[in-house]
Amino acid sequence: MMRRFQRTIPDVDANWATNIVVLLLIFFIVITSVDADMGLERRLPPPVGKYTPVKVEPRNILNVFLTDTDELICGNQIVGIGELRILVKAFISNPKNNKELPEKEIKKIPLLGNMAVTSKHVISVQCGRNTTYQAYIDVQNELVGAYNELRDNLAQKKWGVKYVDLSIDRQKAISACYPMRISEAEPQLSKGGKK
Amino acid sequence: MKKRFITHEKLETSKLNAFALPTIFLLLLFFFVMLTNIRKDKLQVGAVNAPQATELSAIGKKAIVTTIYIGKPVGKLATPSRIQLNNMILTVAGVETYMKKKRAMLQPDEYSLMTVMLKVDKDTPMGVVSDVKQALRRANVLNIIYSARPE
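Line by line, the protein sequences are chains A and B. For the record, in the first sequence the residue sitting at position 164 is 163 according to numbering that gives the first Met the number 0, with numbers rising by one throughout. For the record, in the second sequence the residue sitting at position 121 is 120 according to numbering that gives the first Met the number 0, with numbers rising by one throughout.
Any given hint could turn out to be false.
As the list claims (entries may be wrong) - Label pairs and their calculated CB-CB ranges: (1) B:LEU20 with A:ASP168: 46 to 52 Å; (2) A:ARG58 with B:LYS100: 40 to 46 Å; (3) B:LEU112 with A:PRO57: 35 to 41 Å; (4) A:GLN155 with B:GLY93: 45 to 51 Å; (5) A:GLU70 with B:LEU25: 55 to 61 Å; (6) B:MET87 with A:PRO57: 40 to 46 Å.
Said to hold, decoys possible - Dumping the calculated DMTMM-like pairs for lysine to aspartate or glutamate here, alpha-carbon to alpha-carbon at most 20 Å: (7) B:LYS60 with A:ASP36; (8) A:LYS88 with B:GLU54; (9) B:LYS60 with B:ASP108; (10) A:LYS106 with A:ASP168; (11) B:LYS121 with A:ASP69; (12) A:LYS171 with A:GLU148; (13) B:LYS121 with A:ASP67; (14) A:LYS161 with B:GLU54; (15) B:LYS121 with A:ASP36; (16) B:LYS60 with B:GLU109; (17) B:LYS61 with A:ASP36; (18) A:LYS119 with A:GLU56; (19) B:LYS60 with A:GLU40; (20) B:LYS121 with A:GLU70; (21) B:LYS60 with A:ASP164; (22) B:LYS121 with A:GLU40; (23) A:LYS107 with A:ASP168; (24) B:LYS121 with A:GLU183; (25) A:LYS171 with B:GLU54; (26) B:LYS61 with A:GLU40; (27) A:LYS88 with A:GLU183; (28) B:LYS71 with A:ASP67.
Hints listed in this document are in silico derivations from the structure and should not be mistaken for laboratory results. Think of the CB as a built atom: it goes at the ideal place given N, C-alpha and C, for glycine as much as any other residue.
Starting from the given sequences, assemble the full structure and let the hints guide the process.
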């Protein structure tokens, strides 16, 4: 009598699975949008009527105005977008305690001790109704950039690292030194603009 | 006896082992599935080209995000609207009522997490954008993000 040999187990044909998975893979690669949701964060003022407008001293306000033709007016003069960051940095930090620039207040900040902070400054951004969005975002970007640079400088001075690399407690301390105070005012009615 | 030995050897000549391949592809597949966020709403307003900026921050993970698109005006209506919210083309007043409704559905401790992502075309006049912003203010939804592309 012939003895049956024990056969080796046949290979499972895995090609079909590979093909399907590859197809799915390609599908998802195509569908994936890598653009992570990034942007400039802002906080709007509370609804009208729920708060009383605070009076701000003139030295504490920096008016930034964008005209309908995308011209930038900072304070009283026309400036280029490249100059804005320097002006804003000087305004926020007021290094020489200039009488024209925002007043400083000594504040006790955890981890840092007593710091002179321009806690009452306000940067007011206004624009016409026909200002383009790109110009507005450029201005907002420069403002955020100015704050980020000041915070980075302080972080480098105190701990020798960049602001983003600090622990959360330290980040809070640094941002308390340079509080972001940008006002989102309503647009002004301008000539030629439609209501 | 000899014959048997030969057949055995024939079976031993194995194919290239492809078992690992599906696994690798599956891993890649999962990776891309995780990465993908399927856009539920199709863009109905005109093209939205995000403006460029450098100082961007990512959106918070816990945020309850509503996306508002403002593109180029479309439609044959007398007053073309260019604001889109969840597959609907809305007016400024419509945005306000929608956000108020959405806010009413949430728990009070979730109010501060509500965030509106504004995806606005870079050539839009600011008048439209500020109208939307004022509507959001009236609806008491105060966190906004101006969507932008890194340069």
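Outcome of the hint check:
1. B:LEU20 with A:ASP168: 46 to 52 Å: holds (48 Å)
2. A:ARG58 with B:LYS100: 40 to 46 Å: Holds: the Cβ-Cβ distance is about 44 Å, inside 40 to 46 Å.
3. B:LEU112 with A:PRO57: 35 to 41 Å: holds (37 Å)
4. A:GLN155 with B:GLY93: 45 to 51 Å: For GLY93 of chain B against GLN155 of chain A, whose Cβ atoms are near 48 Å apart, the range 45 to 51 Å holds.
5. A:GLU70 with B:LEU25: 55 to 61 Å: holds (57 Å)
6. B:MET87 with A:PRO57: 40 to 46 Å: holds (45 Å)
7. B:LYS60 with A:ASP36: holds (11 Å)
8. A:LYS88 with B:GLU54: Within the cut-off at roughly 15 Å; holds.
9. B:LYS60 with B:ASP108: At roughly 16 Å apart (the allowed maximum being 20 Å), ASP108 of chain B and LYS60 of chain B satisfy the hint.
10. A:LYS106 with A:ASP168: holds (17 Å)
11. B:LYS121 with A:ASP69: holds (13 Å)
12. A:LYS171 with A:GLU148: Roughly 16 Å between the alpha carbons, so the hint for LYS171 of chain A and GLU148 of chain A holds.
13. B:LYS121 with A:ASP67: holds (15 Å)
14. A:LYS161 with B:GLU54: holds (14 Å)
15. B:LYS121 with A:ASP36: holds (16 Å)
16. B:LYS60 with B:GLU109: holds (13 Å)
17. B:LYS61 with A:ASP36: Measuring from Cα to Cα gives roughly 14 Å; hence the hint holds.
18. A:LYS119 with A:GLU56: Roughly 9 Å separates the two Cα atoms, so the pair holds.
19. B:LYS60 with A:GLU40: holds (14 Å)
20. B:LYS121 with A:GLU70: holds (16 Å)
21. B:LYS60 with A:ASP164: Given pair LYS60 of chain B, ASP164 of chain A holds - Cα atoms ~19 Å apart, limit 20 Å.
22. B:LYS121 with A:GLU40: OK: LYS121 of chain B and GLU40 of chain A at ~17 Å, within 20 Å.
23. A:LYS107 with A:ASP168: holds (15 Å)
24. B:LYS121 with A:GLU183: holds (19 Å)
25. A:LYS171 with B:GLU54: holds (18 Å)
26. B:LYS61 with A:GLU40: This hinted pair holds, its Cα atoms lying about 15 Å apart.
27. A:LYS88 with A:GLU183: Within the cut-off at roughly 19 Å; holds.
28. B:LYS71 with A:ASP67: Holds - the C-alpha atoms of ASP67 of chain A and LYS71 of chain B are around 18 Å apart, at most 20 Å.
Hint check: no violations occur; every hint is consistent with the structure.
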